[in-house]
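Q: Residue strings, one per chain:
2 protein chains.
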Amino acid sequence: MSDFSRFAINQITTPQLDLAAAVEAYARQGVRGIGVWNQYLEGLDLGQAARMIRDAGLFVPCLCTSAWVNLADRSAYEAALEENRRRLDAAHAIGATTLVMVPGGLATGEKDLPGARRRVEDALHALLPHARAAGVMLGLEPLHPMYAADRSCLNTFRHCLELVEELGVGSGIVADVYHCWWDPDFPIGLRAAGRDKILTFHLCDWLVPTRDVYQDRGMVGDGVIDFAFYRRLLDEIGYDGPFEIELFSKLDWWQRDAGETIRISLERCAPFVAPRLPAATAS
Amino acid sequence: MSDFSRFAINQITTPQLDLAAAVEAYARQGVRGIGVWNQYLEGLDLGQAARMIRDAGLFVPCLCTSAWVNLADRSAYEAALEENRRRLDAAHAIGATTLVMVPGGLATGEKDLPGARRRVEDALHALLPHARAAGVMLGLEPLHPMYAADRSCLNTFRHCLELVEELGVGSGIVADVYHCWWDPDFPIGLRAAGRDKILTFHLCDWLVPTRDVYQDRGMVGDGVIDFAFYRRLLDEIGYDGPFEIELFSKLDWWQRDAGETIRISLERCAPFVAPRLPAATAS
Chain G
178 MSDFSRFAIN QITTPQLDLA AAVEAYARQG VRGIGVWNQY LEGLDLGQAA
228 RMIRDAGLFV PCLCTSAWVN LADRSAYEAA LEENRRRLDA AHAIGATTLV
278 MVPGGLATGE KDLPGARRRV EDALHALLPH ARAAGVMLGL EPLHPMYAAD
328 RSCLNTFRHC LELVEELGVG SGIVADVYHC WWDPDFPIGL RAAGRDKILT
378 FHLCDWLVPT RDVYQDRGMV GDGVIDFAFY RRLLDEIGYD GPFEIELFSK
428 LDWWQRDAGE TIRISLERCA PFVAPRLPAA TAS
Chain L
178 MSDFSRFAIN QITTPQLDLA AAVEAYARQG VRGIGVWNQY LEGLDLGQAA
228 RMIRDAGLFV PCLCTSAWVN LADRSAYEAA LEENRRRLDA AHAIGATTLV
278 MVPGGLATGE KDLPGARRRV EDALHALLPH ARAAGVMLGL EPLHPMYAAD
328 RSCLNTFRHC LELVEELGVG SGIVADVYHC WWDPDFPIGL RAAGRDKILT
378 FHLCDWLVPT RDVYQDRGMV GDGVIDFAFY RRLLDEIGYD GPFEIELFSK
428 LDWWQRDAGE TIRISLERCA PFVAPRLPAA TAS
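If you read the sequences in order, they're chains G and L.
Residue numbers in the first sequence follow this note's numbering, run continuously in steps of one, and reach 460 at the last position.
Residue numbers in the second sequence follow this note's numbering, run continuously in steps of one, and reach 460 at the last position.
It is worth saying that the hints were derived from the structure and are not from the lab.
The model shown is predicted, which means the values in this text are computed figures rather than measured ones.
Treat each hint with caution, since some may be false.
To be verified - Which bits of chain L does chain G cover? Going by a derived footprint, with three or more residues having C-beta under 8 Å, they are:
(1) 255 to 265
(2) 285 to 293
(3) 316 to 324
(4) 352 to 361
(5) 397 to 405
Built from N, CA and C at the ideal position, the CB exists for glycine as well.
All chains, full assembly: derive it from the sequences and hints.
A: If you want it as structure tokens, here you go:
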């Protein structure tokens, strides 16, 4: 019998379910955590949402995501910071340990990527005091380079780790193997980060071919990523945080019955998410 | 009047033209070089192809591409090395200074990316003596990380530069801004490589949105890449090699009249490809 006590499903994996339905369906099948998305909290009382999650016994590795701060207009930028402070409070309210920072890529019409990165760095510094006060971590997630222009200009593990080292307490890394698997520095980066700076570890496979830049991410096992390698590495550095499956899959999983997606997620992730792996596997 | 003496069009930009037609059309509109693709040499006498190019006054910055060497089967791997030796000879025959190395990603069924990279490194070492003898450079091209699984496991400028430093004489970098623009280390890498290790510089823009992973690359100016920044940087390091536009664009440019694509390529690239930029621009 598998132990899923470290295993969460990120809610975007089953976008057809509202929060109540996702909480119920995940808990019923034995999932122990839920990664929550902001849009599913809209119109809900946060206290009620928190109670619903707590009563089901689910942990919340993260709230997704920050509002984009990469806006050239100063007042729009300041408004985005305020929105992010509200999201940090919402994360605290529902018991999420981390707000996943997806800050946007280039501003409209902008071609200055280093400038965009500096603006994001400024925004992270500006948000840090509120994050510390709320007891919620700023979770810097390196996003795949193919999203540099239009989703996030944080694209390498090394860049994110440098920022986390600069920001200090109140920040950490959200590591998603889908975004980083190609990077020769990813294993090195995970070791450099160590157990304390990795807030949560996302599982998702890279499909060949990838038919859509944004929404054709694969179920664990259907692609080319060596999950066993990463699990061994994480054990070696003593990582004991969450494992969280997150699928953007308009072309496949989002069209299926959510119960089936949850069941197959559990089956496929079981070898990689046990609290401790057998010594033979971990060697 | 623009000076296009450093400017080439990579032939894949106008795939509807055979070699003779491309040579004629490029030369007629004032393009001075042609990046040749292997498939357009099939069935041609290489001496005749060379004469055709030379008579039109075109230089040949590169032959595209190497045959994939990332094959788990040993005899298929050895056959691929032999094919690459033939392509090095073909490059020499048509006056191409460089064979662009696109070695493949993972072998079929393989999940060991570091292992795939080691195999490619071995293959490059195995090909180096033949490249030196043929007087053709092994041009290592960092390909965008989204191609790591199925086209090339050489995905960062830094990795390629480390390999070039290890290989030494007979190797260099093919820098394509489309593949590297997202990388915080790209400008650093260009400076570290210096003028002598950069064999040719490819121009292609990143479109937002990108509708296809492989064949939706943009005309210079239609996307988000800061070409002026890269031209200034290349001038600073004294780079005086080719500039070469290369568009994979099934969704747009490949559907247009080739003459129109050539004309617009010249218009769009003119500000970035002059032998020397005005001092004000280069400052």
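Q: Taking a Cβ-Cβ distance under 8 Å as contact, does the region 352 to 361 of chain L have three or more residues in contact with chain G?
A: holds (count 4)
Q: Cut-off 8 Å, C-beta pairs, minimum 3 residues; does the coverage of the region 255 to 265 of chain L by chain G stand?
A: violated (count 0)
Q: Counting residues of the region 316 to 324 of chain L whose CB is closer than 8 Å to a CB in chain G, do you get three or more?
A: Since 3 is at least three, the answer is holds.
Q: Given that the region 397 to 405 of chain L was listed as covered by chain G, double-check it with a C-beta distance under 8 Å for 3 or more residues.
A: holds (count 4)
Q: Please count how many residues of the region 285 to 293 of chain L have a CB within 8 Å of a CB from chain G and say whether that reaches 3.
A: Contact hint for the region 285 to 293 of chain L vs chain G: holds, 5 residues under 8 Å.
Against the hints set out earlier in the document, a violation occurs for number 1 only.
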